[in-house]
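J.: Each chain, written out:
2 protein chains.
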Amino acid sequence: MAEIYVNPQKAKEFCIEAFEVLGVPKQDAETVATNLVEGELRGLGSHGVSRMKFYINKLEGGGFNPKPDIKIIRERPSMLVMDADNALGAVAGTKAMSMCIEKAKKTGSACAAVRKGNHFGIAAFYSMMALEHNMIGFATCNSNSLMAVYGGTSRILGTNPISIAVPAGKRLPLVFDAATSLVASGKIIVADIEGKPIPEGWAMDKDGKSTTNAKEALEGALLPFGGYKGSGLSIMVDVFSGILTGALFGLHIGELRGSPEKGQDVGFFYGAVDIDSFEDVNTFKTRVDQMIDELKASKKAEGAERIYMPGELEFIKKEANLRNGFKIGSGVLKDLMDIKNKYGLKSNPEEWLEV
Amino acid sequence: MAEIYVNPQKAKEFCIEAFEVLGVPKQDAETVATNLVEGELRGLGSHGVSRMKFYINKLEGGGFNPKPDIKIIRERPSMLVMDADNALGAVAGTKAMSMCIEKAKKTGSACAAVRKGNHFGIAAFYSMMALEHNMIGFATCNSNSLMAVYGGTSRILGTNPISIAVPAGKRLPLVFDAATSLVASGKIIVADIEGKPIPEGWAMDKDGKSTTNAKEALEGALLPFGGYKGSGLSIMVDVFSGILTGALFGLHIGELRGSPEKGQDVGFFYGAVDIDSFEDVNTFKTRVDQMIDELKASKKAEGAERIYMPGELEFIKKEANLRNGFKIGSGVLKDLMDIKNKYGLKSNPEEWLEV
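In order, the protein sequences belong to chains R and X. Residue numbers 1 to 355, in the working numbering, belong to the letters of the first sequence in order. Residue numbers 1 to 355, in the working numbering, belong to the letters of the second sequence in order.
Just chain R, same shape as in the assembly (with noise of 0.2 angstroms):
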């Protein structure tokens, strides 16, 4: 199978036509697109483009409402909890984390809950958007069950992903974000769409014993990342983004890949820490870079070539990308055509082909 690099402005006006012809309005459009295209350029194919079969039935389906009503329907000073109304998770999420920002700056510090929210894409789009307020970005969600507690073999807990982001001086910012599970469920999902197999250790089948093929995985359970401990943080993301804004939790959730009638009704959960309110802003920055040269300067292990930040490889891979084009497999391509066929959209995906 041949690799196929995209050119991603022309994917990201496809999804922009999609979403328009199933309802969706153009700024909104625009922002899932954005979101999408961005998980991709990240190298985190996972979280882009694949998504689109599964948004279109869901939109196609009536699960996601293309034309919400977003509601804050609780307001203090300091938190917000908004009423997303199955809105794309993108739309919402973006404009929960702005209010958020902007409560931060006149508090010092906020936090922002979403419920009747669906599938967001990557966590750090949304702790990202802190960074040119200078601020420190939190973003967690809840996801459908696909990952077992520590001790059980059930699909019980979401990937439940947790992201933060802190902006730096002249380096790169942090940007710490991870799935839960050992590795994130899109991972999977792709290695079904394309026929391949998982590495061992990623996932169990139904019966609890450990698999390398991909359906099975998705019809059994992942593991939490580093024993009790991973499989505890999950639990946390998941009374912060299901409990605490009143959306569904565990094995509750509705699934992205299925039901396309329903809407999943996950929660978000995000933080803004306002950096100049603790800190001068520079002298922060400035011992931000400081940290990272002594991290960086660390005697290295063996077999390792160099010492990553949080997020630095997703920086140095979406460099790549835009120039380059980013790389999608063939299963991902013909989803997407079948897509162009339906819906007769003018954006050809055959035509983003760049290699």
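Do not rely on the hints blindly, as some may be mistaken.
One copy or two, either will do: identical chains are not told apart, so a pair holds if it fits within one copy or between any two.
[Stated by the list, open to error] With a straight-line cut-off of 30 angstroms between C-alpha atoms, the simulated DSSO-like cross-links for lysine-lysine are:
(1) K105 to K95
(2) K53 to K318
(3) K206 to K300
(4) K67 to K206
(5) K170 to K106
No wet-lab data here; the hints were simulated from the structure.
Assemble the complex: chain R is given as a structure, and chain X must be docked to it using the hints.
T.: Leaving out everything else, chain X in the frame of chain R:
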């Protein structure tokens, strides 16, 4: 070596007497003693009376300030920065968390940062302060560098713990409290005091090779939990606790075990989230109970007899330790007897023994 069980109340009285002899006001002495004994009760001997030796050395040498002038140096509706003036960690730590909780009552959520702090015991001591206020509590601190960054072998990061406490209804609260190292350094310190080996995989020696010798491990480096994810979280804890607070970070932090004349200048970062602002408290607690019930009903993995929630094991241990006394090693007992003899304390550790 016989197992030595100790009466918690008597151990607390000993700590209070020792602190008072070294100039600590009674109320502060009680706070720190409660903190250390709470560590023991929760089964974390690594964060208990084994630390008395180092606390006393620091108080005697001037590194810890028995009568600190604790000041709030920056404040907004949802944040504060405290200069702890080299206070005993638990003295400044409890004050800062109390203020953080009061702010969260008024705005819905708040953060507190502490600089010029010292070793503060178990992080859950602070996150759990939020529980009786129907809040979610969050606590981190940094610590002197004992751990390698992912890909490195140099000692460059602290064990930088994270604690999150969530109130439940009929169930026990969820209390996550974990070092971002594979194990807390205190466990290796206790192994060193007791002359015992440590398991393979916990640490590297100073040449970056795996070791089971506690002394070599303390000269070498611990490993982060969960590979690059735990390493990234540890970096983030250092950003919040060390850089944002204006304390020291990474390799600059003073050690607890040496330099009696020097404070550590570690930082603490706290958060409090007022549940009632987001969601009816009873609904929240009922849903947390439901989540716990569902997680515990998971099909169990081979070898797992029970599925534990974050902090559950510590509650079980506390109940047993309150009933039977907590266990210390003969090395720790000797350290405590040395303190008794040096300062002519009335309280006699050898008389605490219950078994």
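J.: Up to 30 angstroms between alpha-carbons, please classify K105 paired with K95: within, between, both or neither.
T.: Both. Shortest intra-copy (16 angstroms) and inter-copy (25 angstroms) distances satisfy the 30 angstroms Cα cut-off.
J.: Is it within, between, both or neither when you check K170 against K106 at 30 angstroms Cα-Cα?
T.: Only inside one copy: K170 and K106 sit 27 angstroms apart there, 38 angstroms across copies, limit 30 angstroms.
J.: Give the relationship of K67 and K206 under a CA distance limit of 30 angstroms: within one copy only, between copies only, both, or neither.
T.: neither (38 angstroms within a copy, 60 angstroms between copies)
J.: Is it within, between, both or neither when you check K53 against K318 at 30 angstroms Cα-Cα?
T.: Result: close within a single copy only, 23 angstroms intra versus 52 angstroms inter.
J.: Classify it for me, K206 with K300: is the Cα-Cα distance of at most 30 angstroms met within a copy, between copies, both or neither?
T.: Between copies only: 12 angstroms across chains, 40 angstroms inside a chain, cut-off 30 angstroms.
Hint 4 from the earlier list is the only one contradicted by this structure; the remaining hints agree with it.
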